[in-house]
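Engineer: Sequences listed follow chains A and B, in order.
Under full-length UniProt numbering, the first residue of the first sequence is numbered 1, with each subsequent residue one higher.
Under full-length UniProt numbering, the first residue of the second sequence is numbered 1, with each subsequent residue one higher.
Among the hints, erroneous ones may be present.
Chain copies aren't distinguished; within one or between two, either way the pair holds.
Straight-line C-alpha distance at most 27 Å; calculated DSSO-like pairs for lysine-lysine [claimed, not checked]: (1) 302 - 183; (2) 278 - 302; (3) 63 - 183; (4) 415 - 25; (5) 278 - 468; (6) 376 - 278; (7) 278 - 232; (8) 232 - 468; (9) 117 - 13; (10) 232 - 117; (11) 468 - 379; (12) 468 - 117.
Please keep in mind that the hints were generated in silico from the structure rather than gathered at the bench.
Protein chains: 2
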Amino acid sequence: MSFSIWGTEQEAKPLSSSIQSLVSKVVGNTTPRPAPAQADVRITDSQLTADHVQELQAIVGDKFVSCDRAHRIPRARGKSYFDLLDWRVDQIIDVPDAVVAPASNDEVFDVLQWASKSNVAVVPFGGGTSVVGGITPLRGTFPAVISLDLTRFDAIEDVDPISGEATLGAGMSGPQAEIALAKHGLQLGHFPQSFPYATIGGFAATRSSGQNSAGYGRFDEMVASMEVVTPKGIMTVGNAAPASAAGPDMKEIFLGSEGAFGIITKVRLKVHPIPEAKAYEAFVFPDFQSGVAAVRAVEQHKTGPTVIRLSDEIESATNLTSTDAIGEQDAAAPHGCLCLTMYEGTRAHVTSRHEETRDLLLSMGATSLGEAPVRKWEKGRFGAPVLRDALLDAGVLCETFETATNWSNVPALKKAITAAVTQALGEGDSVALVLCHVSHVYANGCSLYFTILGAQDSTPIEQWRHAKQRILEAITEHNGTITHHHAVGTDHARFMEQEIGPLGLGALRAIKAYLDPEGVLNPGKLLP
Amino acid sequence: MSFSIWGTEQEAKPLSSSIQSLVSKVVGNTTPRPAPAQADVRITDSQLTADHVQELQAIVGDKFVSCDRAHRIPRARGKSYFDLLDWRVDQIIDVPDAVVAPASNDEVFDVLQWASKSNVAVVPFGGGTSVVGGITPLRGTFPAVISLDLTRFDAIEDVDPISGEATLGAGMSGPQAEIALAKHGLQLGHFPQSFPYATIGGFAATRSSGQNSAGYGRFDEMVASMEVVTPKGIMTVGNAAPASAAGPDMKEIFLGSEGAFGIITKVRLKVHPIPEAKAYEAFVFPDFQSGVAAVRAVEQHKTGPTVIRLSDEIESATNLTSTDAIGEQDAAAPHGCLCLTMYEGTRAHVTSRHEETRDLLLSMGATSLGEAPVRKWEKGRFGAPVLRDALLDAGVLCETFETATNWSNVPALKKAITAAVTQALGEGDSVALVLCHVSHVYANGCSLYFTILGAQDSTPIEQWRHAKQRILEAITEHNGTITHHHAVGTDHARFMEQEIGPLGLGALRAIKAYLDPEGVLNPGKLLP
Numbered sequence: 001m002s003f004s005i006w007g008t009e010q011e012a013k014p015l016s017s018s019i020q021s022l023v024s025k026v027v028g029n030t031t032p033r034p035a036p037a038q039a040d041v042r043i044t045d046s047q048l049t050a051d052h053v054q055e056l057q058a059i060v061g062d063k064f065v066s067c068d069r070a071h072r073i074p075r076a077r078g079k080s081y082f083d084l085l086d087w088r089v090d091q092i093i094d095v096p097d098a099v100v101a102p103a104s105n106d107e108v109f110d111v112l113q114w115a116s117k118s119n120v121a122v123v124p125f126g127g128g129t130s131v132v133g134g135i136t137p138l139r140g141t142f143p144a145v146i147s148l149d150l151t152r153f154d155a156i157e158d159v160d161p162i163s164g165e166a167t168l169g170a171g172m173s174g175p176q177a178e179i180a181l182a183k184h185g186l187q188l189g190h191f192p193q194s195f196p197y198a199t200i201g202g203f204a205a206t207r208s209s210g211q212n213s214a215g216y217g218r219f220d221e222m223v224a225s226m227e228v229v230t231p232k233g234i235m236t237v238g239n240a241a242p243a244s245a246a247g248p249d250m251k252e253i254f255l256g257s258e259g260a261f262g263i264i265t266k267v268r269l270k271v272h273p274i275p276e277a278k279a280y281e282a283f284v285f286p287d288f289q290s291g292v293a294a295v296r297a298v299e300q301h302k303t304g305p306t307v308i309r310l311s312d313e314i315e316s317a318t319n320l321t322s323t324d325a326i327g328e329q330d331a332a333a334p335h336g337c338l339c340l341t342m343y344e345g346t347r348a349h350v351t352s353r354h355e356e357t358r359d360l361l362l363s364m365g366a367t368s369l370g371e372a373p374v375r376k377w378e379k380g381r382f383g384a385p386v387l388r389d390a391l392l393d394a395g396v397l398c399e400t401f402e403t404a405t406n407w408s409n410v411p412a413l414k415k416a417i418t419a420a421v422t423q424a425l426g427e428g429d430s431v432a433l434v435l436c437h438v439s440h441v442y443a444n445g446c447s448l449y450f451t452i453l454g455a456q457d458s459t460p461i462e463q464w465r466h467a468k469q470r471i472l473e474a475i476t477e478h479n480g481t482i483t484h485h486h487a488v489g490t491d492h493a494r495f496m497e498q499e500i501g502p503l504g505l506g507a508l509r510a511i512k513a514y515l516d517p518e519g520v521l522n523p524g525k526l527l528p
Numbered sequence: 001m002s003f004s005i006w007g008t009e010q011e012a013k014p015l016s017s018s019i020q021s022l023v024s025k026v027v028g029n030t031t032p033r034p035a036p037a038q039a040d041v042r043i044t045d046s047q048l049t050a051d052h053v054q055e056l057q058a059i060v061g062d063k064f065v066s067c068d069r070a071h072r073i074p075r076a077r078g079k080s081y082f083d084l085l086d087w088r089v090d091q092i093i094d095v096p097d098a099v100v101a102p103a104s105n106d107e108v109f110d111v112l113q114w115a116s117k118s119n120v121a122v123v124p125f126g127g128g129t130s131v132v133g134g135i136t137p138l139r140g141t142f143p144a145v146i147s148l149d150l151t152r153f154d155a156i157e158d159v160d161p162i163s164g165e166a167t168l169g170a171g172m173s174g175p176q177a178e179i180a181l182a183k184h185g186l187q188l189g190h191f192p193q194s195f196p197y198a199t200i201g202g203f204a205a206t207r208s209s210g211q212n213s214a215g216y217g218r219f220d221e222m223v224a225s226m227e228v229v230t231p232k233g234i235m236t237v238g239n240a241a242p243a244s245a246a247g248p249d250m251k252e253i254f255l256g257s258e259g260a261f262g263i264i265t266k267v268r269l270k271v272h273p274i275p276e277a278k279a280y281e282a283f284v285f286p287d288f289q290s291g292v293a294a295v296r297a298v299e300q301h302k303t304g305p306t307v308i309r310l311s312d313e314i315e316s317a318t319n320l321t322s323t324d325a326i327g328e329q330d331a332a333a334p335h336g337c338l339c340l341t342m343y344e345g346t347r348a349h350v351t352s353r354h355e356e357t358r359d360l361l362l363s364m365g366a367t368s369l370g371e372a373p374v375r376k377w378e379k380g381r382f383g384a385p386v387l388r389d390a391l392l393d394a395g396v397l398c399e400t401f402e403t404a405t406n407w408s409n410v411p412a413l414k415k416a417i418t419a420a421v422t423q424a425l426g427e428g429d430s431v432a433l434v435l436c437h438v439s440h441v442y443a444n445g446c447s448l449y450f451t452i453l454g455a456q457d458s459t460p461i462e463q464w465r466h467a468k469q470r471i472l473e474a475i476t477e478h479n480g481t482i483t484h485h486h487a488v489g490t491d492h493a494r495f496m497e498q499e500i501g502p503l504g505l506g507a508l509r510a511i512k513a514y515l516d517p518e519g520v521l522n523p524g525k526l527l528p
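For reference, chain A alone in the conformation it holds in the complex (with noise of 0.2 Å):
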């Protein structure tokens, strides 16, 4: 990926006529607010001496410490609007003082030892995907920080078909495992927005949750075991056996750790064979209200989709499932909410679990529209970030940010979101659009995923910031969780007390100081 944008350069393109003209509608006249060259951009002196270099380059040879402009850049922010903001507002970067890329558990072991013993905090390094200041170089309390890149953990291991499992290096990306995984007729299914670079290790310390969760899991369902690398010493947490009731379970404590208790440098997955058949099926409900009431039948009696996403009422309207049309009127179109539904298994599988789908939603006040825009959102779906690029280029205020809550709790969190958010951004001059669908779905509840287009002011930094503290005040305040996939990172910790209290912290902390003692591993993040 670029430093700047989320994809690469060659994936950046233009805003269409349609989204233009949506955002000249909400947002009125913008000014450019492009990223600078790389070659621009000011940066941090690295802290590390040549003694430094020396001793890392003893462990994980020459060529795997670097502290390169080239390097560090790119691993200096993630890609949230705070991040991609950054590049774009005239300042000096702090980036990592360098890049080390160790290639085995030893190596890593030893990096973290070395780490802790001349002062150095360590900020692990996947895909770069944050977006919400996960991979920020902050160095805490210590004089120097390196980013801690995973890349070179590539493989596959250890395929066992008959049990459905697969051992991953943890530096592997979205497509590198579906790649390596369907040589053997096997598929992980995992499929969040940031699929093409984000990484195995990544989604376990990050809890990521992908679009195909109702049929395949979130990505913390999928893991069977871990690698874990702590200061401490190398673990494996998570056994052979598929569930077990030896005490607390050990891999849960290590997954969404974000790097704070150690590095996971393999992740074994539960994986199952490519499925057989697919069928897909969009419907639209009168209103919101109506399509949760469905949406959550369908999952409270399992009828079974592998996808079941419902947009609200104004997402629907801007189509934008569809990141090519965006903006789009589409006369043909019924008003209403959009819920999109696919199912994947063998033949059998696929057929009566879409009859039972689709009998339940048609009976709960569903129209059908088809498989069109199904498939229109898939070919699509990782789509919407590179669109952001453009708008943030042409000086939009744009962004994401998702919650989780019961279903008998989603009208008053969304109401009390969209007024935090609206209120927040309406205080200048600017509107804002908060557009919203529900990504996953469980027996008890679900997410609730925010779109916001705004204008931007003189201070956009500060202008974001605002919001999201307001934002963030009213998911605590109305029980939803301040983050349901993205992660904790830089930008949620100041929540993490009120989030799991002030003793679930301290229990935390604990963990940390016995695995982490001198606290060099990703500081000022998930454990403020």
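Chain A is already provided as a structure; the job is to place chain B on it using the hints.
Structural biologist: Chain B alone, transformed into the frame defined by chain A:
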């Protein structure tokens, strides 16, 4: 429950002639080893002072502190073979020094504060059904130990039928919980063999798994959040969201914690409407291998049974799935491995899941046996422990244990365990009957549940201690878990380091040191 047997005196019944005949064939002549009358049991004197008792009474009320034999004896042991033998061998039994029954989180907190200050260990008590020494009143380094009885946490609160959640007191038994939920048209669907007596808090503290786990999941999957009282304060673990990426999942740290970190007082559970329809069908496979392949396919293709179980050849031939008919020869029954299936849900759901499962099983070598064997099993499914009481009275060695592993490892693990049992119990003159079934299935593996029948030697506790050691060694050497759903307790504690590694154990001890600084909670169990 009576102190020295599984159930009540009323439930007890003599061995049927078919079981007597099976026993005499396998075990030969036995010497009866009846339990003593409660009045004849010799116990340790209470080590609490009058001041201690007064201080406890000031917290929970005069009525709810007892040093009476009648209260202390039934809280001294669980229901493992070791536990039941303890009463039957002439010795002084260590019993808790008092039974204390607080009624609120604040009272529990005050009791824990008092215990920490007064150097008194605390062992929580729910239904007393532990089969792994979970309630043995170990004192650790403390001069005294109290049994903290959760019986007064018996209320249902905050029922949310929209989200399918309800909060239950940790002291409610399985039937109490189902009756309370049924008033709201809801059901939990957790039916372990301990169901009649075990409690909601115990299910959570031990990661229990019930017979309907294929449909409703393990108990740990049913938990949305919990209230936990620790010596450091009162916590809620888990929040109102169905899933979260805000760090490690805090409730997973307390599920399976067996009272080592705190006392679980209330559990918010995922519940569901009482199913509208049920279907039953039994099958027989020519051998265990083909049966295992078929139940694996069912789970990996998610055809959707609520119950699926598979007995091996010996268990099938022994007719163990029907406690009334064990040992009976049924001339009409085909040879092979019995597989029981049940389906619950809406009528449409039951029909499609039954059909899909049936088609798959038949295509993989099954022959249908119709409904009858499943209905017979359902009727008698909580009866086996009562049968064991009669076998123990008759002087027969009878115990169950369980493990779990990946599908690909099932044959090797089953063989190793069977060899370990046979060898350990065959070293003297006795021969053991080793029965096994697959009781819980997952996409990547299954549990193996063993029942052992054999001849007791003259020192039955040492005899089983030796066999149990060999079994646990075989399990850990062959990639099984030391416990799939019975928990760790006293019996498995010395294998915890092998199960989760020294760093895993260290991390859990770090949590304990933070939440229970004096270490008064359940010393010598889970974290030895």
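Engineer: Against the structure, test the hints numbered earlier, and report the numbers of the ones violated in rising order.
Structural biologist: Failing hints, ascending: 3, 5, 7, 8, 9, 11 and 12.
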